[in-house]
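Residues 0 to 164 (numbering that gives the first Met the number 0) are what the sequence shown spells out, left to right.
Some hints could be false.
What the hints assert, rightly or not - Restricting the straight-line Cα-Cα distance to at most 20 Å, the calculated cross-link-like pairs of lysine-lysine (PhoX-like) are:
| id | residue 1 | residue 2 |
| --- | --- | --- |
| 1 | Lys64 | Lys96 |
| 2 | Lys52 | Lys102 |
| 3 | Lys52 | Lys36 |
| 4 | Lys77 | Lys93 |
| 5 | Lys102 | Lys8 |
| 6 | Lys108 | Lys120 |
| 7 | Lys120 | Lys130 |
| 8 | Lys54 | Lys64 |
| 9 | Lys96 | Lys79 |
| 10 | Lys52 | Lys77 |
| 11 | Lys120 | Lys49 |
| 12 | Lys36 | Lys54 |
| 13 | Lys161 | Lys36 |
| 14 | Lys54 | Lys120 |
| 15 | Lys46 | Lys64 |
Don't read these hints as lab results, they were simulated from the structure.
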Amino acid sequence: MYTTIATIKYRDYVPHGWVATEFCDLEVMGVRDSIVKSVDNEWHAVKFEKYDKIKEQIATLEAQKVLLNAEAAELDAKYKSSKKWYRFANATEKSWKNSAAMKRSEIYKIDSQIQALDNDKFFTASELKRKAHDLLVRHGFVLINTSSAGDECVTHTEVWHKTSD
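Please construct the entire structure, taking both the sequences and the accompanying hints into account.
Shown next, in the form of structure tokens:
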């Protein structure tokens with residue numbers, strides 16, 4: 000009979016004024032390498048699932064931004080090369096200038112979308128804790144002990160156990 004132990008350490012709340020971070024770590028120890036490796040691999044995939052999706056979205060938005068930048072630069076070049084300094088712009092030249100301004104406003108919107116995605120590319124500690132619980136239950140682990148350390152900035156530790164033949 001072999002025993003595999005998994006520990007989840009997490010801090011899901013940091014009071015105002017404390018220098019600490021929220022985190023959630025899962026560590027699996029045991030003799031059965033197949034169980035340890037499969038849980039570790041799944042945990043890594045779960046932990047970076049949101050990051051990978053958002054990274055792809057950011058790459059798509061960056062490509063759109065580069066394309067819009069090139070179009071705006073082309074319209075600016077047309078406008079500057081056609082207009083003489085001593086005369087007013089005609090309707091076509093004004094439309095080039097307005098189109099370039101619209102492209103720049105779209106670039107600004109894309110920048111704000113990229114910033115919003117970049118700020119939300121990782122799971123919170125409580126989301127990771129829930130995902131770690133689901134992962135361990137799916138693999139047949141049972142919670143056997145919960146402990147806490149610290150007064151105001153508490154770090155929790157959960158010990159999970161799996162007995163396999």
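Hints, verified against the model:
Only pairs whose Cα atoms come within 20 Å are accepted, and Lys64 paired with Lys96 is accepted, the gap being roughly 18 Å. At roughly 26 Å between alpha-carbon atoms, Lys52 and Lys102 are farther apart than 20 Å, so this suggested pair is violated. At most 20 Å may separate the alpha-carbon atoms for a hinted pair to count; Lys52 and Lys36 exceed this at roughly 24 Å. Only pairs whose Cα atoms come within 20 Å are accepted, and Lys77 paired with Lys93 is accepted, the gap being roughly 11 Å.
Proposed proximity of Lys102 and Lys8 is contradicted: the alpha carbons are some 48 Å apart, above 20 Å. Proximity of Lys108 to Lys120 is assessed by CA-CA distance (about 18 Å); at most 20 Å being required, the pair is judged to hold. For the given pair, Lys120 sits about 16 Å from Lys130 by alpha-carbon distance, which is consistent with the 20 Å threshold. Distance restraint check for Lys54 and Lys64: the Cα-Cα separation of roughly 15 Å lies within the 20 Å cut-off, and the hinted pair is therefore satisfied.
In summary, the hint linking Lys96 to Lys79 is supported, as the alpha carbons are separated by about 9 Å, within the 20 Å threshold. Distance restraint check for Lys52 and Lys77: the Cα-Cα separation of roughly 38 Å exceeds the 20 Å cut-off, and the hinted pair is therefore not satisfied. Simply put, Lys120 and Lys49 have alpha-carbon atoms about 6 Å apart, close enough for the 20 Å limit, and the pair holds. Simply put, Lys36 and Lys54 have alpha-carbon atoms about 26 Å apart, too far for the 20 Å limit, and the pair is violated.
Restraint check: the Cα-Cα separation between Lys161 and Lys36 comes to about 14 Å, which is no more than 20 Å; the hinted pair holds. About 8 Å separates the Cα atoms of Lys54 and Lys120, which keeps this hinted pair within 20 Å; it holds. Of the supplied pair hints, the one linking Lys46 and Lys64 is violated, its CA atoms being roughly 29 Å apart against a limit of 20 Å.
In summary, the numbered hints that this structure violates are 2, 3, 5, 10, 12 and 15.
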